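Novice: Quick mapping for you: the protein sequence lines, in order, are chains A and B. Be aware that the first sequence starts at 0, since it is given in numbering that gives the first Met the number 0, and climbs by one per residue. Be aware that the second sequence starts at 0, since it is given in numbering that gives the first Met the number 0, and climbs by one per residue.
Note that these hints are calculated values from the structure, not bench results. Take the hints with a grain of salt, since some may be wrong.
[Unchecked claim] From chain B, some residues computed to sit far from chain A (all C-beta separations above 10 angstroms):
no.	residue
1	Pro40
2	Arg52
3	Glu63
4	Gly71
5	Ile107
6	Glu139
7	Gln167
8	Ala170
9	Asn298
10	Asp313
11	His339
12	Glu356
[Said to hold, decoys possible] Which residues of chain A face chain B? A few of them, derived with a C-beta cut under 8 angstroms, are:
no.	residue
13	Arg2
14	Thr5
15	Asp33
16	Ala39
17	Arg52
18	Glu55
19	His59
20	Lys110
21	Arg222
22	Gly246
23	Gly247
24	Leu269
25	Ala270
26	His274
Just so it is clear, the structure is predicted and the values come from calculations on it, not from any experiment. Glycine residues also receive a C-beta, built at the ideal position from the N, C-alpha and C atoms.
2 protein chains.
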Amino acid sequence: MSRLATTQLTRPEGIIDLSIGQPDASLLPTSIFDANNIDAPSLAYGAPAGDGRFREAMGHWLTEHCGTQVKGEALLITNGSSNAIDMICTRFSRAGDTVLVEEPTYFIALKQFTDHGLNVVPVAMDDNGLEPEALATAIEQYQPAFIYSIPSFHNPTGIDQPLPRRQQLVAIAKQHQCLLVADEVYPLLDYDKEPAAPLASLDADAPVLSIGTFSKILAPGLRLGWLQGSPDLIDQLSSSGLISSGGGLSPVTSALVRPLLINGHLSQHLAQLRHTLKERRDTLVNALHRHCGDRLQFNLPHGGYFLWAHTQADIDTQKLLPKAKAEGVGYLPGAACYTHTNKTNAMRLCFAFYDKEELALAGERLGAILN
Amino acid sequence: MSRLATTQLTRPEGIIDLSIGQPDASLLPTSIFDANNIDAPSLAYGAPAGDGRFREAMGHWLTEHCGTQVKGEALLITNGSSNAIDMICTRFSRAGDTVLVEEPTYFIALKQFTDHGLNVVPVAMDDNGLEPEALATAIEQYQPAFIYSIPSFHNPTGIDQPLPRRQQLVAIAKQHQCLLVADEVYPLLDYDKEPAAPLASLDADAPVLSIGTFSKILAPGLRLGWLQGSPDLIDQLSSSGLISSGGGLSPVTSALVRPLLINGHLSQHLAQLRHTLKERRDTLVNALHRHCGDRLQFNLPHGGYFLWAHTQADIDTQKLLPKAKAEGVGYLPGAACYTHTNKTNAMRLCFAFYDKEELALAGERLGAILN
Chain A
0 MSRLATTQLT RPEGIIDLSI GQPDASLLPT SIFDANNIDA PSLAYGAPAG DGRFREAMGH
60 WLTEHCGTQV KGEALLITNG SSNAIDMICT RFSRAGDTVL VEEPTYFIAL KQFTDHGLNV
120 VPVAMDDNGL EPEALATAIE QYQPAFIYSI PSFHNPTGID QPLPRRQQLV AIAKQHQCLL
180 VADEVYPLLD YDKEPAAPLA SLDADAPVLS IGTFSKILAP GLRLGWLQGS PDLIDQLSSS
240 GLISSGGGLS PVTSALVRPL LINGHLSQHL AQLRHTLKER RDTLVNALHR HCGDRLQFNL
300 PHGGYFLWAH TQADIDTQKL LPKAKAEGVG YLPGAACYTH TNKTNAMRLC FAFYDKEELA
360 LAGERLGAIL N
Chain B
0 MSRLATTQLT RPEGIIDLSI GQPDASLLPT SIFDANNIDA PSLAYGAPAG DGRFREAMGH
60 WLTEHCGTQV KGEALLITNG SSNAIDMICT RFSRAGDTVL VEEPTYFIAL KQFTDHGLNV
120 VPVAMDDNGL EPEALATAIE QYQPAFIYSI PSFHNPTGID QPLPRRQQLV AIAKQHQCLL
180 VADEVYPLLD YDKEPAAPLA SLDADAPVLS IGTFSKILAP GLRLGWLQGS PDLIDQLSSS
240 GLISSGGGLS PVTSALVRPL LINGHLSQHL AQLRHTLKER RDTLVNALHR HCGDRLQFNL
300 PHGGYFLWAH TQADIDTQKL LPKAKAEGVG YLPGAACYTH TNKTNAMRLC FAFYDKEELA
360 LAGERLGAIL N
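Can you make the complete structure from the sequences, with help from the hints?
Specialist: What follows is the structure, encoded as structure tokens:
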């Protein structure tokens, strides 16, 4: 055993920490990969937008699962969604530029924007996602480098934008010729409905990039994902110095995953994963209803990893956290997902990392501290 | 067969193009990997600086091959050397900053710096590499974000800095507290001498980052490499938003390569690769001597991929290129490796992509056009 850590986190002892936004080890399929698929072309410097064989297989697979046609040439293969955000920042912004984000939003994306010297400006959300009028006003006011939005099973709120709202937002991006970056890492984890079409599929002429990843549907350690967009946007990204120098980003991991797209194993794995995560969501929801009652308000998330809950208005969830941890349960205080507040009565609860027994116990412990 | 490209380039027909700076397919070991090593921890979000098991194995392997101790904790695992340069730009510079480079230098690194909005300022070289006085003067004049240097088997000149010069340059970086980024992707491809110790090993208190990669010693498609530096520099890089969000950069490819570090397969492969590349270098050198005589001047490169040659002073190698291609031979015109010139009598010849017969023929064809 190495003295140095192997994984980003080790399972905490004595606490069920629902702040952890990761799949647990039991969901990771170790015996699904075959190194015989690593052929000579996949060991060479790869085509700039990714191995064409993989892009085509990926296009077919997405077409089958997303309810809309996705062509291989619309895809750029990435080292995962964080790498996609990083490349977008480098290519489409400069330090000092503004990026518009939902509030609340994915808190580590904020750190990526800060690393690139961007000014982060929040835009209001309603129950259907980004508010169109607020977005249009903010675009005019700030002339942002791009908009960053999470349309499906939003992190942290779980909101799934209805199609008319998605169409409105894409139209606004098109009207203002402002790049809309859609972080769509959760739509394939749908528990009660069909997954939505990627935002980049709604209007071929709108400046939209949809970010997808295998981290949530197969394994984060692959560091494998994709960007979907117009030929022009894909070209602008794949002609970067980074890719000109090192070639396409993920030839070998693409070679490991490509057969799974074709032989049905990924689809089978995803069906099982959705079943497991739906059970976990339902277990947490039932436990919260039973033990917390009306002291915890939330909407049912229809997919993704997260449940976004509010305590009574006068409770500061950041201040409550030590008490919760003493009781053996953790959560992400809502303030972490805002740009400028450190006080809110919200909390983000992830139901992907723990099994049903642990989630039921977490709900019981939350009930105890909210009494 | 996909309509979309699989690899960054396809072997050109009817021409032996020595501008290609890649290993050819015959050098890529397709049957060396075993997917059984992809365990659950390697499929999870990885430790920020990389899988500790891999970092330790990598430290032992480098210690064995570089003639100096390299500890696992001094390493950050990357998605390859281009990714390393990209992360360094994001973390240690801002658009408008200056980066000092050798002249000539690796021409695609220049594109990466431009992508980040950096001003590239060239520093003079002599036969031993970067000129220390010129470097010190440029640091004082430009206050650069960092220095970018290729100390071993320099691309394109093939120059291998002697140890005293390396020590001088590291001392200057330390004295001025200016980050020195050493792009060390070739030192393990040594054909006549022992590989040099990484620059980051010369002085633990100097601000130096050494970039290493498996692209040149195993396979580019892995997109796997490392950065070596002080704990402080490694921490600054591994605490980025990119890594906080996506975890360590290459868990699965690390899992594929780790056993090869331990069971001797990588060392065996490297020995064979050095033998093959040395033969190719010698073949090209002999062919150039025989067919070009004193119309082509060059120093013997003791390692790496490249031979840097000069024609007679009044020949512009950029203008000569169409004639060469008509004769069935290509090269990289030297001007591509300079920041501000488009006229030089230099050419970069790569001996890694073609076999001995082709290299001998290339030398013959070069001789024909230089007559």
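Novice: Taking the least C-beta to C-beta distance, is Gly247/A closer than 8 angstroms to chain B?
Specialist: holds, 7 angstroms
Novice: Less than 8 angstroms between beta-carbons is the criterion; does Ala270/A satisfy it with respect to chain B?
Specialist: violated, 19 angstroms
Novice: Does the interface hint hold: is Arg222/A within less than 8 angstroms of chain B, judged Cβ to Cβ?
Specialist: holds, 6 angstroms
Novice: Against chain B, is Leu269/A within 8 angstroms by beta-carbon distance?
Specialist: At about 15 angstroms, which exceeds the 8 angstroms cut-off, the nearest Cβ of chain B leaves the hint on Leu269/A violated.
Novice: Confirm or reject the statement that Ile107/B sits farther than 10 angstroms, beta carbon to beta carbon, from all of chain A.
Specialist: Violated, since 4 angstroms does not exceed 10 angstroms.
Novice: Regarding the hint that Arg2/A lies at the interface with chain B, is the smallest CB-CB distance below 8 angstroms?
Specialist: holds, 7 angstroms
Novice: Just double-check Asn298/B for me: nearest Cβ-Cβ distance to chain A has to come out over 10 angstroms.
Specialist: holds, 25 angstroms
Novice: Verify this label for me: Arg52/B is non-interface relative to chain A, using a Cβ-Cβ cutoff of 10 angstroms.
Specialist: violated, 5 angstroms
Novice: Does the CB of Ala39/A sit less than 8 angstroms away from some CB of chain B?
Specialist: Holds, because the Cβ-Cβ distance from Ala39/A to chain B comes to roughly 4 angstroms (cut-off 8 angstroms).
Novice: Going by Cβ atoms only, is His59/A closer than 8 angstroms to chain B?
Specialist: violated, 11 angstroms
Novice: Evaluate the condition: distance from the CB of Gly71/B to the nearest CB of chain A exceeds 10 angstroms.
Specialist: Per Cβ check, Gly71/B is inside 10 angstroms of chain A; nearest 6 angstroms; violated.
Novice: For the hint on Arg52/A, does the least C-beta distance to chain B fall short of 8 angstroms?
Specialist: holds, 5 angstroms
Checked against the numbered hints given earlier, the structure breaks hints 1, 2, 4, 5, 19, 24, 25, 26 and satisfies all the rest.
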